[in-house]
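First to last, the protein sequences are chains C and F.
For the first sequence, counting from 1, position 130 maps to 129 in numbering that gives the first Met the number 0; every step adds exactly one.
For the second sequence, counting from 1, position 17 maps to 16 in numbering that gives the first Met the number 0; every step adds exactly one.
Calculated from the structure, these hints are not laboratory results.
Some hints here could point you the wrong way.
Unchecked claim - Result set (DSS-like, lysine-lysine): computed pairs, CA atoms no more than 25 Å apart in a straight line:
| # | chain 1 | residue 1 | chain 2 | residue 2 |
| --- | --- | --- | --- | --- |
| 1 | F | Lys20 | F | Lys99 |
| 2 | F | Lys478 | C | Lys118 |
| 3 | C | Lys259 | F | Lys478 |
Claimed, not checked - Facing chain C, according to a computed beta carbon distance under 7 Å, are these residues of chain F, among others:
| # | residue |
| --- | --- |
| 4 | Gln246 |
| 5 | Ala248 |
| 6 | Glu461 |
To be verified - Taking CB as the label site, the calculated pair distances span:
| # | chain 1 | residue 1 | chain 2 | residue 2 | range |
| --- | --- | --- | --- | --- | --- |
| 7 | C | Thr5 | F | Gly355 | 34 to 44 Å |
| 8 | C | Asp231 | F | Thr480 | 45 to 55 Å |
| 9 | C | Asn244 | F | Pro228 | 26 to 36 Å |
We put the CB at the ideal spot given by N, CA and C, even for glycine.
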Amino acid sequence: MEILKTYKLYIGGQFPRTESGRSYQIQSESGQAIANACLGSKKDIRNAVQAARKAQAGWAAKSAFNRSQIIYRIAEMLETRKGQFIEELVLLGHSNPAAVAEVQSSIDRCIYYAGWADKYQALSSSVNPVSSPHFNFSVPEPMGVIGVVACQETALIGFISQILPLIVGGNSVVVIANTKQPLSAVTFAEVLASSDVPGGVVNILTGKVAEMLPTLAGHMDVNALSLAKIEDHLFRNAQEAAIDNLKRCQLYSLNYINPKNQGLHFITDFQEIKTTWHPIEQVASGIGGY
Amino acid sequence: MSTTNWNLEPSLESTAVVQLKDQYELFINGKWLAPQAKKYFATINPSDESHLSNIAWATVADVDLAVKAARNAYENVWSKLSGAERGKYLFRIARLMQEKARELAVLETLDGGKPIKESRDIDIPLACNHFFYYAGWADKLQEAFAGQPITSLGVAGQITPWNFPLLMLAWKIAPALACGNTVVLKPAETTSLTALKFAEICQEAGLPAGVVNIITGYGDTGAALVVHPDVNKIAFTGSTAVGKQIQKACIGTDKKLTLELGGKSANIILEDAPIDQAVEGVINAIFYNQGHVCCAGSRLYVQESIATQVIEKLKFRLQSIYVGNPLDKNTDIGAINSKKQLETIEKYISIGREEGAEIYQPTCQLPSKGYYCLPTLFTDVAQSARIAQEEIFGPVLAIQTFRSIDEVLQKANNSPYGLAAGVWTDKGARIFGLSSQLQAGVVWANTYNKFDPASPFGGYKESGFGREGGMHGLSAYLKITN
Numbered sequence: 000m001e002i003l004k005t006y007k008l009y010i011g012g013q014f015p016r017t018e019s020g021r022s023y024q025i026q027s028e029s030g031q032a033i034a035n036a037c038l039g040s041k042k043d044i045r046n047a048v049q050a051a052r053k054a055q056a057g058w059a060a061k062s063a064f065n066r067s068q069i070i071y072r073i074a075e076m077l078e079t080r081k082g083q084f085i086e087e088l089v090l091l092g093h094s095n096p097a098a099v100a101e102v103q104s105s106i107d108r109c110i111y112y113a114g115w116a117d118k119y120q121a122l123s124s125s126v127n128p129v130s131s132p133h134f135n136f137s138v139p140e141p142m143g144v145i146g147v148v149a150c151q152e153t154a155l156i157g158f159i160s161q162i163l164p165l166i167v168g169g170n171s172v173v174v175i176a177n178t179k180q181p182l183s184a185v186t187f188a189e190v191l192a193s194s195d196v197p198g199g200v201v202n203i204l205t206g207k208v209a210e211m212l213p214t215l216a217g218h219m220d221v222n223a224l225s226l227a228k229i230e231d232h233l234f235r236n237a238q239e240a241a242i243d244n245l246k247r248c249q250l251y252s253l254n255y256i257n258p259k260n261q262g263l264h265f266i267t268d269f270q271e272i273k274t275t276w277h278p279i280e281q282v283a284s285g286i287g288g289y
Numbered sequence: 000m001s002t003t004n005w006n007l008e009p010s011l012e013s014t015a016v017v018q019l020k021d022q023y024e025l026f027i028n029g030k031w032l033a034p035q036a037k038k039y040f041a042t043i044n045p046s047d048e049s050h051l052s053n054i055a056w057a058t059v060a061d062v063d064l065a066v067k068a069a070r071n072a073y074e075n076v077w078s079k080l081s082g083a084e085r086g087k088y089l090f091r092i093a094r095l096m097q098e099k100a101r102e103l104a105v106l107e108t109l110d111g112g113k114p115i116k117e118s119r120d121i122d123i124p125l126a127c128n129h130f131f132y133y134a135g136w137a138d139k140l141q142e143a144f145a146g147q148p149i150t151s152l153g154v155a156g157q158i159t160p161w162n163f164p165l166l167m168l169a170w171k172i173a174p175a176l177a178c179g180n181t182v183v184l185k186p187a188e189t190t191s192l193t194a195l196k197f198a199e200i201c202q203e204a205g206l207p208a209g210v211v212n213i214i215t216g217y218g219d220t221g222a223a224l225v226v227h228p229d230v231n232k233i234a235f236t237g238s239t240a241v242g243k244q245i246q247k248a249c250i251g252t253d254k255k256l257t258l259e260l261g262g263k264s265a266n267i268i269l270e271d272a273p274i275d276q277a278v279e280g281v282i283n284a285i286f287y288n289q290g291h292v293c294c295a296g297s298r299l300y301v302q303e304s305i306a307t308q309v310i311e312k313l314k315f316r317l318q319s320i321y322v323g324n325p326l327d328k329n330t331d332i333g334a335i336n337s338k339k340q341l342e343t344i345e346k347y348i349s350i351g352r353e354e355g356a357e358i359y360q361p362t363c364q365l366p367s368k369g370y371y372c373l374p375t376l377f378t379d380v381a382q383s384a385r386i387a388q389e390e391i392f393g394p395v396l397a398i399q400t401f402r403s404i405d406e407v408l409q410k411a412n413n414s415p416y417g418l419a420a421g422v423w424t425d426k427g428a429r430i431f432g433l434s435s436q437l438q439a440g441v442v443w444a445n446t447y448n449k450f451d452p453a454s455p456f457g458g459y460k461e462s463g464f465g466r467e468g469g470m471h472g473l474s475a476y477l478k479i480t481n
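The following block holds chain C by itself, in its conformation from the complex (with noise of 0.2 Å):
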């Protein structure tokens, strides 16, 4: 007899059950039962969100270069577990090479990311020739803590596509995944947890949509959300719920499996640019530069 297995909730580097103690079925395609996923409830996502915020700034301090180690590290964990993810997603329906294919977009998605962990900042900056004695220059820094509503057409590589350019700028993230295939996604949560990224940087909560994102959007501790396609009517009560914060709102509606649709500006996307001024002082009868 076959074990089902039942995938849990991934917040702050735990592997939880909804508090809300429901689940629900995952099915194939074909409708055959595959899997047992948690409801996730409101209340997860303010656990999530805590737990997101808490991480933060940790991540945010940690140095850029090591931030491309450890996202090079989940390619590698990825890797490794190359064979499940595949497995996954054939019992979902897709077919073996489009799984394959789907797995191995996800790897070089990572690998990509990695290398712009430390090379975005100097892309996005610049030192800004005022005409007043001041140096002056502008670099980009992390939004905080973003919702994301990861893609609800695909299973891995939407998911990875949308949350590796938040993580790479040192945001973290609360993801609520894609509800009727969220296997690759809690599986991608088992990877996070055994490569080095620390517990909270990505939260990833497994339910309905339309339960969950209202509070995400709502969410006063939230600097900015990216939602993939849904819904009509969720997607503008999101966009609504954003305003009581001004929460910087994307949306996405991309075929993520395309290489052009990754990019520099998915990283831009979620960071504030600062400008800092400070004066410069004429020193012995040498006239400043800048």
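Start from chain C and add chain F according to the hints.
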């Protein structure tokens, strides 16, 4: 401490350089058009409440006409020009503005109430320079987005505030045009005159009809622009409350949005700071432009060990601030922009008293007519006080003290706003430590209220999103097309 009454000989700037019309129409498609509803509103001089002129009040039909003109100019003219050609128009506009600098400065002061020394030396030169700066970007846009294909957006709807009328127009129009968009701009209702003068400059520069359209009016005019279905971009500078309404109105559309909203910026003086410089910096941070500055340093945090000394020096300095006729070259604080704004400021001053904070205002004669407010300090202010949390947009400073850096960081960041911050200390490492922790889009270290076309400006949190100025300001008017 002695108090001095400053009886300076008035030194009035001549208004002969300005020729006001009795009535101003809408600038649509390169022509002056009467508003279809035939409605006009009065614009007054806030320094003496005298009538200046009547301004057209655009309604939905006028807004539609302006958007159509902008669309037509975008499709058929502006988007077909090379960047280099667009740049030439911008350079030409910049030069013409420079040549009319004094006229623009006097107009700005007459209409808005700001001291002539500020409009003459800061607002107008910065506005000209903004056009010069973005003119040079027009043919180099792709270089700013290495490896990322870009395109212009289309028609930009822009709404500017009354505190820096022409400068905010420049912040909006210059990058929009450089990036290949056409614009419909609505200036604030109390300060339309320099925008209308700018429209004349566009005509004189031979700018193709419809590339810039100026529609005057109140909030309803702005709202009609925001909801117009053929506008691709909204850029707004103003209050956070209105900014949120605009964000809501844009949901479900493809409009790109940038918001530059309110602030309650913390200005922090550490005990090792050069005190006299810091005191001057605090004065500039809160009293510049009557405190009508979104990034005004309206919350002062002084380290406890130097608090008595700093507050004493601030009070002494307040006695030599000259409040009066904005056209007088001696004037430091001019007129409050409108009666409504004066009432708001006065309301907050009484709230401050009721909350139990200690008030200090200098003894000084205010003109009998016009809208004026004394520079005001509040000490013994609680972090939770409304005068420490809410934007007043006037010459009112809330002073608090702190002991440790941890404490001041927590207090400074304890605000829904995040526009700017000031840090005063002699220690370089501390500046960077603090500035990297402050949640603010601009950090002025050992200086305050400095602006430059090359320097990006914009907020964190509820102070808005997007940047204006510098290379980063280009992103507001372009989209990346994968």
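Going through the hints against the structure:
1. Lys20(F) x Lys99(F): holds, 17 Å
2. Lys478(F) x Lys118(C): holds, 22 Å
3. Lys259(C) x Lys478(F): holds, 15 Å
4. Gln246: This interface hint holds because 5 Å falls under the 7 Å limit.
5. Ala248: violated, 10 Å
6. Glu461: holds, 5 Å
7. Thr5(C) x Gly355(F): 34 to 44 Å: Check failed, 58 Å falls outside 34 to 44 Å.
8. Asp231(C) x Thr480(F): 45 to 55 Å: violated, 24 Å
9. Asn244(C) x Pro228(F): 26 to 36 Å: Given a distance of about 28 Å, which is inside 26 to 36 Å, the answer is holds.
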